[in-house]
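> Chain residues, written in single-letter form:
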Amino acid sequence: MTASTISAQGSSTKFLRKLWSWIRRIPPVYPMFLLIFITLGFLNPKGYQTMNGIMTYFRPASPLAVLAIGQMFVLAIGGFDLSIGAIVTFCVLASSKFLANDPANALPNILLLIGMGVLIGLINGLVVSFLKVPSFITTLGMMMVVRGAALYYVGGAPKGYLTDNFRMFGRNYIQDVPFFTRIPYSLIILIILTIIAYIIFHRTNYGRQILAVGDNMLAAGLSGVKKKLVRVMTFIICSVFAVLGGIMVAGYGGVNVTIGEGMEMQAIAACVIGGVLLGGGKGNVINVVFGAFTLQAIVNLLNQLGLPKPYTDAVQGLIIIGVVAYSALSTMKKR
Amino acid sequence: MTLVNSTSAADISLKNGTVMEVRNICKRFPGVVACNKISLDFLPGEVHAVVGENGAGKSTLMKIMSGAYTPDSGEMILQGEHVSFSHPQEAQLKGVSIIYQEFNLLPERTVAQNIFLGREPGKFGTLDVAELNKNAIAVLKEVEADQLISPTALCSSLSVAEQQIVEIAKAISFDSKVLIMDEPTASLTLTEVKILTDLIMKLKARGMSIIFISHRLIEVFDIAEKISVLKDGELVGTVITKDTTPQEIVQMMVGRELDHYFPPLGIPEDFGEVVLRIKDGGNNFLKDINFELRKGEVLCVAGLQGSGRTELAQALFGVVPFKTGTLEVSGKIRTIKSPPDAIRLKMGFVTEDRKAEGLLPMQPIRDNILLTVRTLEPLLDFIFKDGIRNSRKLVPTLANQVDLNADTFDREAQFLSGGNQQKVVLSKWLSSKANIFIFDEPTRGIDVEAKAGIHDMIRRLTKEGIAVLMISSELPEVLGMSDRILIMRDGRIAGELPAKSTEQEIMLIATGHSKDQDANNLAAVGKE
Amino acid sequence: MTTHPASDSWFKRTTQRVNIPPVFYFLIVVFIFSGVLDQLFADGQIFTNPLIMLNIIVRSVALGIVAVGQTMVLIGASIDLSVAYTISITAVMSSYLMQGRNENVPTAILGVFGIGIAIGLANGLIITKLRVNPFIATLGTSLIIKGIINATFSNYTGSVPQTFEFFGYGMIGPIPVSIIILLLVVTIGWFILARTKFGAHLYGVGGNSEVARLSGVRTDRVVIAAHIFCSLTAVLSGIFLVSLMRSGAPWVGPNGFYDLNSIAVAVIGGTALSGGKGSVWGTLAGVLIFGVLSTAFNQLGVNPYLKLVFQGLIIVLAVASYTIRSKKEAA
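So the sequence lines, in the order shown, correspond to chains A, B and C.
Counting with this note's numbering, you get residues 1 to 335 for the letters of the first sequence.
Counting with this note's numbering, you get residues 1 to 528 for the letters of the second sequence.
Counting with this note's numbering, you get residues 1 to 331 for the letters of the third sequence.
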């Protein structure tokens, strides 16, 4: 923002000017979210104008946001992680077998899943960094490996049901909360993870170095950034967030072989709505969280309008193309 | 060609026998006037150099003449006819070709495919491969390269000079009357420059008008018959080469005399202890690297293209590390296997291509400047560690040191001017408190005025005890800046010369025409 | 004339001089390796039973046809991730339109080719006019197609008349029709790339679109045409598959991972992901490698889900064998 030149204009005009330029800099995701949410409120007052209803909305929105945050880390470094959908599938399917309907297995299950997430992220990061395979191909291959492993482990069909204590994270609410009536566990988990992610991405040297690598890999390396280390850590964060999101999805979604399919695209869409550039170098945790909220709201809106569920895929595709086209065309105009 | 209804300008042009004329060309970009009423004549069979500082308007003018830009006003006359080009291809078809510094060749395609891209022979959309190659051979014959270059060779397998010949062949294939070349000798070895010069003479003999932009006055005086000087978008004047001197040309470019060019050299008494010493350093490219660098001195590394100077810098900085030998930094033996190693040892590397290798375009100035500081600190540390002091005070202080003017440090680096961007890169290295700076061609592509600023800054650094290793291809700069000169050849240090040597002495060692014996003696003397 | 820097290994210099892409060596190695495994752990039929050999190639036809189209798009520095769902919608629509009746066949074929052109055109326009990154553009269109399929069909639909099965099962003499079609498509692909102006322009656009533009090539049109060609090959693959399965199901495309596999075999065959370089013969070799491996896995009785795991591993490792040698870092 340029400092105002000395002028004879009144201070009120100066204030208005400043206000206007501040308004212009608000990321588009927020007005979009408000608009869609308010529309939903009109169409379905019980669902979106009551606290009860709003909290219900947050239950599936939160895991999507968690996935989106993880994906943002990888997008910011200039890569893609297309394996997170398969990770969610794995979380749901493998747990159905591992839990063996015994609540005592829940904790070891969760720890194993997180460990697996670390391993997957590690491999993704190492392959991209040392074998120089583009992350697009690497994570697509990983997607096949993880999905194949999941299906192999359960023999092609889900094995049991998920124990209640495992489903708690995605399904249950803290009841009888003043003002909010009830808060889904998943929202609380999201808030905690958002704070952690925010600190890591915006307030540590590591976070700034992710952006450096995504912006100009060569310059980053010559300035002393340990690119390989940064990259591997980033993929690990993404996979672990995918696991956490997957555990939450397991809570409220049904158990079937197709769950999790397409979630990597939804996460990318959420990031794109949240202002992330697909070549890397730009990212903001809060914007991405609201990008996910916006996406969820759009899906809910379409359901509300009576659009059959399969069409939501189509609409998502249009949204992704639309938002990317918009940002591509407007960057071109700037030049 | 009768032109009954042409304007008088075109008539005059015909009478004068010029092949191309530009009259009162004006071109404006947001915030800057690139060309202001420039008028020039170009005769057939003549080699005409256009010189000037960066931003003087040379590139813009050439782009207008070759159809890449359209002028805001003014006219162009080609062979007695008014022309205006809306697309470079139009200009090519009419006979004006341009060869840019970064060649417009496709490395994975053959020579023939490159020459005739977009104009392939064949009927009904098919491609006649035999005809294509035949035509390519014919064109290569015209530049006398048909024995040297095969039409089916992949461009990626050709040397830089050979690629340039292919570009020239491409221009010939358009039956060009005017050939514009932008810095044609920038990446050529001495022998290749000779080949190019011979080729230019042959083209000249065929009646082609050759215009070239160059910063290298030596070559300009060697090859060109006329020199036009541009300054701030205007034509200062056109002179005949043999009637002028390089000093006069620089004077016209800059309005300043040549001997105020460089700051005074360092005094040997001011040099401190040895901060960098390498013994028998070597890797795949380098051999027997031995030298020392002292605090407060400027050591220049001269040599021809390909002699290993950038490889030396890259080895010292850990980009392509040494494999053998010992390296001592401030008296302690160290190994540098990657840039972070070097940076931790307080080294800084200002690379040749500042923009591509030094800047993060989408990040704010602040993050650019603090990048190296942050890589030195632990990864998971907060960026405001050590107090908010770091960011709030350090950045403005550094910016001041390099005269960086920015209204806010939150602006993305890509929106700064080229000069300011370079200052950002410099302050980045200052922020990490480097005391050994390696500069690779620090003033390449920079206009004369800013050059002086950089030279002054380098001397200021040495006054604070920083040791500077400077790679440069410009002999006047080497002589003007160095307290000692290392000359490289074929991956080795071929010799060392003291300050105030002559260009001839440097070139002799660089080209290997003096006995290495003498050079080694000189080097030995220099060390003690 | 300088050829190769002395710093390159002898192996690299020789193979480059003789100009055979590494993929052909891979093919031979994979073939021998599978044969040995087969001998040791299964009935050893790969080498002895000609039917198995034939089977290898027939398995490869569907992937091979669409891989030719993908090669073309990759050479143009673009990518097409919508081929899987294009195959699906072709399978479903053609089967639906035919309803098992011979007289419907021409309409059905025209119909699906029309759909293919529309998809290719959409992809091309979104990429060139809206300036959307090709990954995102084609992923977006694939989602749209997926939505349309799922909204209209949920299971096998319609059926294919008997005469149509000629495509998938017919023989001309000892050679299956499908192989002939595959070779035809590959040859057409080769001809377009090596013997037409369009092909030369496509390599130009993929290698350096700015240079191509300055040479007068209409870069947008070239990219759009490449995408249309790719979608048409996907349609052809879909037709082939539906003729094999006798009825179209919506999951045909994604289940076969035709998107990722077509990219993988092209890259294994020497096509650069960054554009400007590639050949359909290399892609064919890549397809055969996949075919041999698939058959070997079947002979060895490998669990289909494990097969998926191996596939993912092989794809990444195969691409890695090319990229590991490049000096360029990946993102």
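Some clues are possibly wrong.
[As the list claims (entries may be wrong)] 25 Å max Cα-Cα, derived DSS-like pairs, lysine-lysine:
hint, chain 1, residue 1, chain 2, residue 2
1, B, K226, B, K141
2, B, K346, B, K463
3, A, K132, C, K197
4, C, K307, A, K227
5, A, K159, C, K307
Just so you know, these hints were derived from the structure itself, not from any lab.
Predicted model, so just to flag it, every value in this text is computed and none were measured.
> Next step is simple, just say for each hint if it's right about the structure.
Taking the hints in turn, this is what the structure says about them:
1. Taken as a hint, the B/K226 and B/K141 pair is broken in the structure, with Cα atoms around 29 Å apart against an allowance of 25 Å.
2. Simply put, B/K346 and B/K463 have alpha-carbon atoms about 17 Å apart, close enough for the 25 Å limit, and the pair holds.
3. With a C-alpha separation of about 34 Å, the suggested pairing of A/K132 with C/K197 is violated against the 25 Å cut-off.
4. With a CA separation close to 34 Å, the supplied pair C/K307 and A/K227 exceeds the 25 Å bound.
5. With a C-alpha separation of about 21 Å, the suggested pairing of A/K159 with C/K307 holds against the 25 Å cut-off.
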